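Chains as they are written, first to last, in this note's numbering: chain D, 1 to 89; chain C, 1 to 209.
Since the hints were made in silico from the structure, they are not lab data. This structure is a prediction, so every number in the text was calculated from the model and none was measured. Heads up, the beta-carbon is just placed ideally off N, CA and C, and yes, glycines get one too. Take these hints with a grain of salt, some might be off.
If the Cβ cut is set under 8 Å, some of the chain D residues that face chain C in the computed set are [said to hold, decoys possible]: (1) Ile-21; (2) Leu-25; (3) Leu-28; (4) Arg-29; (5) Leu-39; (6) Arg-43; (7) Leu-47; (8) Arg-84.
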Amino acid sequence: MNRKTDFAATAFARPLRKTHIRNDLDDLRAVVATSDLDLHIVRLLALHPTLKVGFRNQDLASLDDATKQMLLHEMNQVIGVRPRRKRKP
Amino acid sequence: MGILPEFVKLTRCADDEIVEASVVSLTRKLAQTEIDTKWWQIPDVPKTKRSQESDHSWRWAERLGQLRDRQWFSALAIQTDDGRIQGAILYRSDALSFVEAGVGAVNIEAVATAPQNRSWLVSAPVYRGVGSGLVFCAVLHSYHLGLGGRVNLVSVNDHRTIAFYNHLGFTQVGYDGEEGEERLPKFELDANAAQSWLQKEEYENEPQN
Chain D
1 MNRKTDFAAT AFARPLRKTH IRNDLDDLRA VVATSDLDLH IVRLLALHPT
51 LKVGFRNQDL ASLDDATKQM LLHEMNQVIG VRPRRKRKP
Chain C
1 MGILPEFVKL TRCADDEIVE ASVVSLTRKL AQTEIDTKWW QIPDVPKTKR
51 SQESDHSWRW AERLGQLRDR QWFSALAIQT DDGRIQGAIL YRSDALSFVE
101 AGVGAVNIEA VATAPQNRSW LVSAPVYRGV GSGLVFCAVL HSYHLGLGGR
151 VNLVSVNDHR TIAFYNHLGF TQVGYDGEEG EERLPKFELD ANAAQSWLQK
201 EEYENEPQN
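So that you can see chain D by itself, here it is in the shape it has in the complex:
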């Protein structure tokens, strides 16, 4: 890309129209996520109804990080996300 055009302002003062915001999602305002991983899992559950069948009743507070990573792995498989990482040089 032409790096001379490295600027990216958006219409900060104009909120996104309600018609462009999903209205089929759970209200997450009351959710307390204690880590980035927890928040990611909570968002995935809210964004993908297919996940709710198998994973809805998971109590994240009772799980350790390794179990949460396993849970995330399973959730990714259900929704078809293969995590990406930067290739090592």
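Please build the complex by placing chain C on the supplied structure of chain D, with the hints as guidance.
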């Protein structure tokens, strides 16, 4: 966890060297001290010129404090080793595609590179690649949220900005603006363009267990 990049590569303009800068969470305090207080302290640039920048009036800390539905928003910044914030982005993950009915997307509400990095504003810009690095973070996050890497935004009506999004692979998909409002261009990066960008940046699928 790898949902977001930990680092981005910037070009230091003085010697064209590639340097790594950290991707950090943009807290209200960081926004207040490093953006709202410091970004526009560029004494060599006349006030009239500074005030012509479309984001000159933005108050990042205030906006972060206003957020409802906070769990859907992400605020990130690129921070160099000297502690300075070189750019910032605010986006939400509960948006809809502008073009594909009912399909989710990440929507960028605000993104900007620090004024000291703008070649048209200062005589010796410090870094290049900040804006694209920030938008890439949103694309990668969209991908990991199962939204295909789709990202959209309403841009300011500025030829430089429009050129920026076009170069990144965004497509202009109409205008935003109701009667009496300025019509502003809407852009979206679709899933195919997002995949291409991820590959170009050498982001590969992790091996499956």
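Hint by hint, here is what the structure shows:
Proximity of D:Ile-21 to chain C holds as hinted, the smallest CB-CB distance being about 6 Å (cut-off 8 Å). Residue-level restraint check for D:Leu-25 holds (minimum Cβ-Cβ distance to chain C is 5 Å; threshold 8 Å). Using the Cβ-Cβ criterion of 8 Å, the hint placing D:Leu-28 at the interface with chain C is satisfied: the shortest such distance is roughly 4 Å. Given the 8 Å rule on beta carbons, the hint for D:Arg-29 holds: about 6 Å separates it from the nearest Cβ of chain C.
With its C-beta approaching chain C no nearer than about 7 Å, D:Leu-39 sits inside the 8 Å limit, and its interface hint holds. Of the supplied interface hints, the one on D:Arg-43 holds, with its beta-carbon coming within about 6 Å of a beta-carbon of chain C, less than 8 Å. Of the supplied interface hints, the one on D:Leu-47 holds, with its beta-carbon coming within about 6 Å of a beta-carbon of chain C, less than 8 Å. At a threshold of 8 Å, the smallest CB-CB gap from D:Arg-84 to chain C is about 4 Å, leaving the interface hint in force.
Going through the hint list in order, the structure satisfies each hint without exception.
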